[in-house]
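A.B. asks: Protein chains in written order, with my numbering: chain D, 1 to 181; chain Y, 1 to 536.
Keep in mind that the hints are not guaranteed to be accurate.
Covered stretches of chain D, going by a simulated chain Y footprint (3 or more residues, C-beta under 8 angstroms) [claimed, not checked]: (1) 57-64; (2) 72-85.
The calculated lysine to any residue pairs, modelled on SDA-like cross-linking and capped at a C-alpha distance of 20 angstroms, are [stated by the list, open to error]: (3) D/K104 - Y/G499; (4) Y/K303 - Y/G246; (5) D/K148 - Y/G499; (6) D/K104 - D/F28; (7) Y/K472 - D/A51; (8) D/K99 - D/F28; (9) D/K17 - Y/D8; (10) D/K17 - Y/L10; (11) Y/K220 - D/Y156; (12) D/K148 - Y/C35; (13) Y/K304 - Y/F360; (14) D/K148 - Y/E450; (15) Y/K112 - D/F28; (16) D/K148 - Y/P490; (17) D/K99 - Y/K220.
If you're looking for bench data, these hints aren't it; they were derived computationally from the structure.
Note that beta-carbon positions come from the ideal geometry of N, C-alpha and C, so glycine has one too.
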Amino acid sequence: MTIRDLLAEHKDAIIHKWIDAMYGTYPFDTVGFLRSSRDQFSNPVGHTTAASAVVIFDAIAGDDVDEARLSEAIEDVIRIRAIQNFSPEQAVGVLFVLKTVLRKMLRAAIVQHGLHDEQLEVESRIDTVALMAFGKYAACRERLHMMKVDDFKRGYAQLLRRAERILDKPVGEPDTQKPIA
Amino acid sequence: MSKLPTPDKLIATIPAFPMEGWMDTKPDFKPGTWCYPAKVDNMKALGMPNPHEWSADQEDWNLPENWEEIIYEGLKSRLAKHRSLKVFMDICVRCGACADKCHFFIGTGDPKNMPVLRAELLRSVYRRDFTTAGKLLGKLAGARKLDKDVIKEWFYYFYQCTECRRCSLFCPYGIDTAEITAIARELLHELGLGIHWIMEPVFNCNRTGNHLGIQPHAFKEIVEFLCEDIETVTGIKINPPFNEKGHEIVFITPSGDVFADPGIYTFMGYLMLFHEIGLDYTLSTYASEGGNFGSFTTFDMAKKLNAKMYAEAERLGSKWILGGECGHMWRVVHQYMDTFNGPTPPKMEVPRSPITGTVFKNAASTKMVHIAEFTADLIKHNKLRLDPSRNDHLTVTFHDSCNPARGMGLLDEPRYVLQNVCNNYVDMPENTIREQTFCCGGGSGLNTDEIMEIRMRGGLPRGNALRYVQQKHGVNTMACICAIDRATLPPLANYWAPGVTVYGTHELVANALVMRGEQKRTMDLRQEELPGMEDE
């Protein structure tokens, strides 16, 4: 018995519990919708969370990983949480909840078969995924701020162009070069 | 000193079961979730009631002393004026058909963004003051006392509704939540609570005719810049007429098409099209705004700002109005203009295309035609020479803007145009387009950058569908027929489907348009090289 066997045996139940925990970060009255609506366009948050969970689970289980696919799965779920009503810890921290789910569900079997070292390896892989999620979260937030700047530039594009023609220089340059004191 | 919490505790946002009912939960005015308040000077200049300093993140919003009376009287008069409001307040059976149809609910996961519950924010106050059951049974009958927190809640949630009316499509009673939002916003305005992003354009529009407050000489100069760009791309010099009397048509479009990227390319497209077909038209530097942010303020303000269209048509002696690509402009024109500003000036006539002879009977009363219909008619009658291969590097999808799609049923004309000027066209999934289209997340005056997060939440369902066709069909272009879309979709695409570029439909028309006397096209209107057509 290895931890991979255990994970394979309990895969559906673990993913189910983990997805439920992620849905649980949304208000009570919304969880039913996230859980029950299957259409990927009517319920993009529920669908994306569930689809990404499967890819991430396979990666932490120790199977060979398609890195691009894993990266995309993490990004899909983090891109949503990065702009929702969550703190950074809440947005990214759902990855760590997978540890809690695994410990609760597999504890007896891990003790019985002495799989503690393997458990640590699995948990390290969860840490790796969480670090990747941290990077994605930061990138999403940075993009959000750049979008505000770009929004402004687009909105005033032709006025800036006119100002540059009148001033005969790029907008933003000082009128005179002041000597450095 | 304390022990560190576990990750589970650290991320626990909410208890598994809510500790209090929805009436007792309060919104959290975090930065990025609320719009900046309108300037007092602007509110005063417009004659808006109770202008005052306030900010959503402050405890005290400095409401006028008799604020409860103002709301009571305001609601009472509107119930008397709008029979629809009274019906919408009474008729909802809370079946929940609308609940999961709102882009803001889908994107935020906040139950108060379910249209039924958002409307309930107003309905609960209505019940207490205007229904017997509510007066007698109070909370048991879904009624609640009006307090200052309710006002804050209205502000929070009625500015998280873009009046897109997707929910109305699914309501078995046809309750128009957009109208409920519009009236709730009117009531907030009675208390002096407006937002800067809406009231500044209203103020500018009232004074100069357009949202940015651009005066006629600057407006003309900027259009001339665009004509220089057209000459660079096509070798053809266009001199559009400004404020000239005696032309058959006056052309009115949102000013965003003149001032903002990427709307300017759409505007260049209009000018090229009109030049090519020899249209007898004039631009107006007074009616220099098709958009109407007054419609996000009060019905009276919408009426006031809209009046310039007919005033200019009359002054210039034009027979009819051709309108550019816009969203809410067309909701106002199609659904309110007749009542607001009709009947039309006596010399105006039912629009008839001077090129094809088609009479636009659908515009018999407003005398105003949408350019997508006009161009579709030109193409149908084979009046344009088109080379769609110039757009071959683009795989195009179309975002139905909520107002033209749901507000006036303009579904097939833009697709017909696009499919004639582009060889690669793909629709997004069925339940995200046409009548069921998802909002851009920034309509109804919410396209301001301080709430970019909220916009991205609202834009999630649209972004999700866009990403799907990007991955499945290689879509790299999203076309639209709305100036607000041209402002809101670039960041939406940047966030949810990076790599997709936003175009106005008439920009793509003009890229494909073969003009008499043009030089070999090697660039598109953005002056980017056309693949396969580079200069040899």
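A.B. asks: State for each hint whether it applies.
C.D. replies: Status of the hints after comparison with the structure:
| no. | hint | in the structure |
| --- | --- | --- |
| 1 | 57-64 | violated (count 0) |
| 2 | 72-85 | holds (count 5) |
| 3 | D/K104 - Y/G499 | 42 angstroms, violated |
| 4 | Y/K303 - Y/G246 | 26 angstroms, violated |
| 5 | D/K148 - Y/G499 | 18 angstroms, holds |
| 6 | D/K104 - D/F28 | 23 angstroms, violated |
| 7 | Y/K472 - D/A51 | 17 angstroms, holds |
| 8 | D/K99 - D/F28 | 23 angstroms, violated |
| 9 | D/K17 - Y/D8 | 14 angstroms, holds |
| 10 | D/K17 - Y/L10 | 18 angstroms, holds |
| 11 | Y/K220 - D/Y156 | 16 angstroms, holds |
| 12 | D/K148 - Y/C35 | 14 angstroms, holds |
| 13 | Y/K304 - Y/F360 | 26 angstroms, violated |
| 14 | D/K148 - Y/E450 | 8 angstroms, holds |
| 15 | Y/K112 - D/F28 | 12 angstroms, holds |
| 16 | D/K148 - Y/P490 | 11 angstroms, holds |
| 17 | D/K99 - Y/K220 | 64 angstroms, violated |
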